[in-house]
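J.: Chain by chain, the residues:
Number of protein chains: 2
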Amino acid sequence: MCHTIRSILKQNTNLINQKLVVNGWVKHIRSNKLKKFVIINDGSTIRNLQIIVKNETRKLNRGTFLKVKGKIVLSKGKKQIIELLAKNIKIYGLFKEKDFQKTILQPKKHSFNKLRQQAYLRFRTNFFSSIMRVRHNVSYLIHKYFNKRGFYNIQTPIITNYDTEGYSKLFKVTTKYDFFGENAFLTVSGQLHGESAALGLGKIYTFGPTFRAENSNTPRHLAEFWMIEPEVAFFNLKHNMYLAEHFIKYIIKKIIKLSYDDLLFLDNKIFNNINLILNKEFKRITYSNAIKILSKNGYQIKWGKDLKSEHEKFLVENYFNSPIIIFDYPIDLKPFYMRINKDKKTVSAMDIIFPKIGEIIGGSQREERYKILLSQIKYFKLKKKDLEWYINTRKFGTVPHSGFGLGFDRLIQFITNMKNIREVIPFPRSPKNIYT
Amino acid sequence: MCHTIRSILKQNTNLINQKLVVNGWVKHIRSNKLKKFVIINDGSTIRNLQIIVKNETRKLNRGTFLKVKGKIVLSKGKKQIIELLAKNIKIYGLFKEKDFQKTILQPKKHSFNKLRQQAYLRFRTNFFSSIMRVRHNVSYLIHKYFNKRGFYNIQTPIITNYDTEGYSKLFKVTTKYDFFGENAFLTVSGQLHGESAALGLGKIYTFGPTFRAENSNTPRHLAEFWMIEPEVAFFNLKHNMYLAEHFIKYIIKKIIKLSYDDLLFLDNKIFNNINLILNKEFKRITYSNAIKILSKNGYQIKWGKDLKSEHEKFLVENYFNSPIIIFDYPIDLKPFYMRINKDKKTVSAMDIIFPKIGEIIGGSQREERYKILLSQIKYFKLKKKDLEWYINTRKFGTVPHSGFGLGFDRLIQFITNMKNIREVIPFPRSPKNIYT
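So the sequence lines, in the order shown, correspond to chains A and B.
The opening position of the first sequence corresponds to residue 173 in this note's numbering, with each subsequent residue numbered one higher.
The opening position of the second sequence corresponds to residue 173 in this note's numbering, with each subsequent residue numbered one higher.
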């Protein structure tokens, strides 16, 4: 196989005088009377390779894919240390300059919106290929983290017959004939199924797509997004908070090193954001205390009401100046499956709130007590029949367990400091938007 | 955090006299006048830990979850080297013996069908927890393989507006109001989107759920299954075959070591199956030659017809006695996007056929030539408008590229030697089956 530009630039001067083959497409060309200076990229890295071409009479339009045989030499230019002296070039299908002008590949400032309209070409822009490489590295780090710690990755079902969150609007799944024999929906969370897996395998995590048919055309919402949901048997809320903080700090710490070039290219302010997370111990605070602090500081909010983003912002950015974990929320603010506390007013829920982006993780200890779970299902007026299998996981041997959910795309959005979440997923799905 | 049984048994006698805490549920109990011998498991391994409990008057029903504090000692029994001498036991929610009898946890031979009816409890059976651990390890190996080789993992969309395969029956996605403003379906493959990503990032792979609404109630079909689809720019069919063979051999070679205990427990014949794959170089043969061989050996099959499983079986198990890669199939047998060969009758397609299970991988070099792709779309009577973005990836700079698809669940089915694919996925989806 051929060398990638990433591996060539990594080996750097060790490759001097080495003959090799490299593939890529033309990003930029300039020429003088004697030779052409062709800048190529192959997607393996944000950095480019300069090719020196003598006696080339064929057209080498921008955007064209090339295979180049040649020799690595020291560059006389100031912008690079090594370059490739081409001996032989194969040109793949010509890209007409006239067509090039029509695309987002033309090197000028395009709006993010314009870039999204040619989503299938975005992968060849510096900006989006950087984000995709960061996204891959984060994904891999997530698998690595859990694998090393004995968590098993479980593929929970995408098509389900029940709506976990209760409040969510669902996508319905149909066929011409009655395929499933009952209503079928796209999952909003793998949690309930993940719980049953954790009760057998101990520690599990899901990493898959979830769906919300909410008509939210905001920079933070997608109709289709990927979630990571770990679930651990024998864990209480404290363990859960520890895991969540440790996990997210691990990812953020490692990604700085692994994707340094790409993050630097995207926005050097990224490192400031990231350091805000790494250098602080996440402050733990009960919902009730959060309400007290807010009231003392002039906010009109009563116990039992949902915190708004202005409240979270005040707590994180002004009061604590640190990421915070708010826990023990009022029963009515959270789903039926969360464990009721001794006060009988709150549940063992936790939300991690980050500066700028707000909630990044939501989790809880689960209600493992059979009778209390039953009464919660009644209280929330849910259909017991649809949840029977879930209730049975408490009837047939039960144990405290906990878990949380992290929106993968929101995490990438935070790391890359993108304003709109649609900039961090290959083909965003949102109201009236399903093109490509 | 606590020790897992896996880590305890791995450290073995190194832990003698060590005090520790372990969690698990009761698999088996026997007792004499002085003490109870309690076998517990925690899902981390197929192997169990024996707990010795003195002076325990409380009921310790099977299936009950426990937290045990104690000391590791040498076992006097013959079945284990070390055991845990319990000092203190915490019993979580009692599991009534009467209820236990109703579940698949009762240690007797249950039909696979019965096990599936309590899918939410299957994770606690030896058989299914073994499969889930193998599944996790294979999944992790897949990510590891591609990551190491510079492939980027891409999340292609689940909800799409187009049907790749043409022939497939689709699940339709709807909401009460018109969310997307056009028809929306569940994806049958991430390939077309993956191709556009490979043209920017060089080497990519997808690993996500795909869907078929075919009314196939067979041991090899699922309505919802996970696919791995690598795609590589600059790769021709030969490179593609090499990658596919190397990849699948890597996974199989590594999983033997990584999941040895679980595979041994499941079926010791597994290792024979697996060695059949590892010890042979996959035989490459054109479709046309396959037809010739079949005709000479008494099969009535004409050039242009699809190979049936009996044909594949003969070639793999009788004629070649090796996995085979059949390539260069007639145009009409394959989808529109495959590259037309010089003979203008065949396309650069490849199928890898394994003993017993038949096709495990299907792939091709893609048609990268703009005009030929257009004529193929016309020939197959596809809607050009829906494919415009895909066609544009050939208009705006084009290059040869190739890729393949591997059904993740089929791979697990092959490795674990399960007759029915529903035994290898947590919550199988098939006609009339969406429970839990």
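One or more of the hints may lead you astray.
In this list, chains with the same sequence are indistinguishable; a pair is considered to hold if it fits within one copy or across any two.
Stated by the list, open to error - Only pairs whose alpha carbons sit at most 16 Å apart, straight line, appear in this in silico EDC-like list of lysine to aspartate or glutamate:
hint : residue 1 : residue 2
1    : Lys-207   : Glu-228
2    : Lys-591   : Asp-439
3    : Lys-344   : Glu-354
4    : Lys-604   : Asp-350
5    : Lys-348   : Glu-386
6    : Lys-274   : Glu-560
Simulated from the structure, these hints should not be mistaken for lab results.
J.: Next, verify each hint and record whether it holds.
T.: Now the hints, each set against the structure:
For a Cα distance limit of 16 Å, the shortest separation of Lys-207 from Glu-228 inside one copy, 8 Å, qualifies, whereas the shortest one across copies, 88 Å, does not. Proximity of Lys-591 and Asp-439 under a CA criterion of 16 Å is satisfied intra-copy only: 12 Å inside one chain copy versus 53 Å between copies. For the identical chains of this complex, Lys-344 and Glu-354 are neighbours both inside a copy (11 Å) and across copies (15 Å), given an alpha-carbon limit of 16 Å. When the C-alpha separation of Lys-604 and Asp-350 is checked against a cutoff of 16 Å, the pair qualifies only between copies, where the shortest distance is 8 Å, while the shortest distance within a copy is 27 Å.
In the homo-oligomer, the alpha carbons of Lys-348 and Glu-386 lie at most 16 Å apart only across protomers (11 Å), although the nearest pairing inside one protomer, at 25 Å, exceeds that limit. In the homo-oligomer, the alpha carbons of Lys-274 and Glu-560 lie at most 16 Å apart only across protomers (15 Å), although the nearest pairing inside one protomer, at 56 Å, exceeds that limit.
In summary, this structure violates none of the numbered hints.
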